[in-house]
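Engineer: The lines below spell out each chain.
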Amino acid sequence: GDSVTQTEGQVALSEEDFLTIHCNYSASGYPALFWYVQYPGEGPQFLFRASRDKEKGSSRGFEATYDKGTTSFHLRKASVQESDSAVYYCALGTQVVGQLTFGRGTRLQVYA
Amino acid sequence: EAAVTQSPRNKVTVTGGNVTLSCRQTNSHNYMYWYRQDTGHGLRLIHYSYGAGNLQIGDVPDGYKATRTTQEDFFLLLELASPSQTSLYFCASRGQGMDTQYFGPGTRLLVL
Chain A
952 GDSVTQTEGQ
962 VALSEEDFLT
972 IHCNYSASGY
982 PALFWYVQYP
992 GEGPQFLFRA
1002 SRDKEKGSSR
1012 GFEATYDKGT
1022 TSFHLRKASV
1032 QESDSAVYYC
1042 ALGTQVVGQL
1052 TFGRGTRLQV
1062 YA
Chain B
120 EAAVTQSPRN
130 KVTVTGGNVT
140 LSCRQTNSHN
150 YMYWYRQDTG
160 HGLRLIHYSY
170 GAGNLQIGDV
180 PDGYKATRTT
190 QEDFFLLLEL
200 ASPSQTSLYF
210 CASRGQGMDT
220 QYFGPGTRLL
230 VL
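Just so you know, the sequences run in chain order A and B.
Okay, so the first sequence: first residue is 952 according to our numbering, each after it adds one.
Okay, so the second sequence: first residue is 120 according to our numbering, each after it adds one.
The shape of chain A in the complex, shown without the other chains (with noise of 0.2 Å):
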């Protein structure tokens, strides 16, 4: 079946930072990528998505890249801040049967 499997654990860095959470995937088909990310004691919220090969989905300065090739989606930051600090979820979806895979999650913790 679908699977994510993204960084494991806990990324720790300080403000300023590049950060990099890696995704792969594996999936049939062509599935849509996804990030979301989850604050303490919210539920996860949609960052951004992409469908197709070479595509950039970005939003808050953040920006994965959908690659084919390497069954890749990995989020990166150029400069992260304390209020970066969550847990980061890839996921891919099928439109044709509507469902959400997600990885484990990577909690990202920033110190300023």
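Wrong hints could be hidden among the right ones.
Computed from the model, here is a short list of chain A residues facing chain B with C-beta under 7 Å [unchecked claim]:
{"id": "1", "residue": "Glu993"}
{"id": "2", "residue": "Gly994"}
{"id": "3", "residue": "Pro995"}
{"id": "4", "residue": "Phe997"}
{"id": "5", "residue": "Ala1001"}
{"id": "6", "residue": "Gly1044"}
{"id": "7", "residue": "Leu1051"}
{"id": "8", "residue": "Arg1055"}
Derived DEER-like restraints, expressed as beta-carbon distance ranges [what the hints assert, rightly or not]:
{"id": "9", "chain 1": "B", "residue 1": "Leu207", "chain 2": "A", "residue 2": "Thr956", "range": "17 to 27 Å"}
{"id": "10", "chain 1": "B", "residue 1": "Val131", "chain 2": "A", "residue 2": "Thr1021", "range": "42 to 52 Å"}
{"id": "11", "chain 1": "B", "residue 1": "Val131", "chain 2": "A", "residue 2": "Lys1007", "range": "40 to 50 Å"}
Some chain A residues judged to face chain B by a derived CB distance under 8 Å, without partners named [unchecked claim]:
{"id": "12", "residue": "Ser979"}
{"id": "13", "residue": "Tyr981"}
{"id": "14", "residue": "Arg1000"}
{"id": "15", "residue": "Gly1054"}
{"id": "16", "residue": "Gly1056"}
{"id": "17", "residue": "Ala1063"}
These are calculated hints, taken from the structure and not from any lab test.
Note that the Cβ used here is the ideal one computed from N, Cα and C, for glycine as well.
Assemble the complex: chain A is given as a structure, and chain B must be docked to it using the hints.
Structural biologist: Positioned in the frame of chain A, the structure of chain B alone reads:
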């Protein structure tokens, strides 16, 4: 952005107890989903629905029932709660022809 609300926000019950979690969305979305979130597992799909009266089985359905009474309302039922069902439960919805899901704030359930 879609408005999804959940109630209660916190619930404590005993083993063997009967629990109903409620979800309402007010954006006329056709699809609604129930997930559970556990450390080390991320978000896992329990049940979902295409519309009133429809129910589809997700990836971890054992021990759960669900019912979609209207387009707005989706309920998750635990008829004989067990400690393994202690978790954080999220409801989500999405519109026809869209692939982005919008999440509620979650219900934290503790089964003693």
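Engineer: All hints, please: hold or fail.
Structural biologist: Each hint tested on the structure:
no.: 1; hint: Glu993; result: holds, 6 Å
no.: 2; hint: Gly994; result: holds, 3 Å
no.: 3; hint: Pro995; result: holds, 5 Å
no.: 4; hint: Phe997; result: holds, 5 Å
no.: 5; hint: Ala1001; result: violated, 11 Å
no.: 6; hint: Gly1044; result: holds, 5 Å
no.: 7; hint: Leu1051; result: holds, 6 Å
no.: 8; hint: Arg1055; result: holds, 4 Å
no.: 9; hint: Leu207/B to Thr956/A: 17 to 27 Å; result: holds, 22 Å
no.: 10; hint: Val131/B to Thr1021/A: 42 to 52 Å; result: holds, 46 Å
no.: 11; hint: Val131/B to Lys1007/A: 40 to 50 Å; result: holds, 45 Å
no.: 12; hint: Ser979; result: violated, 16 Å
no.: 13; hint: Tyr981; result: violated, 12 Å
no.: 14; hint: Arg1000; result: holds, 6 Å
no.: 15; hint: Gly1054; result: holds, 6 Å
no.: 16; hint: Gly1056; result: holds, 5 Å
no.: 17; hint: Ala1063; result: violated, 26 Å
Comparing the model with each earlier hint shows violations of hints 5, 12, 13 and 17; every other hint is respected.
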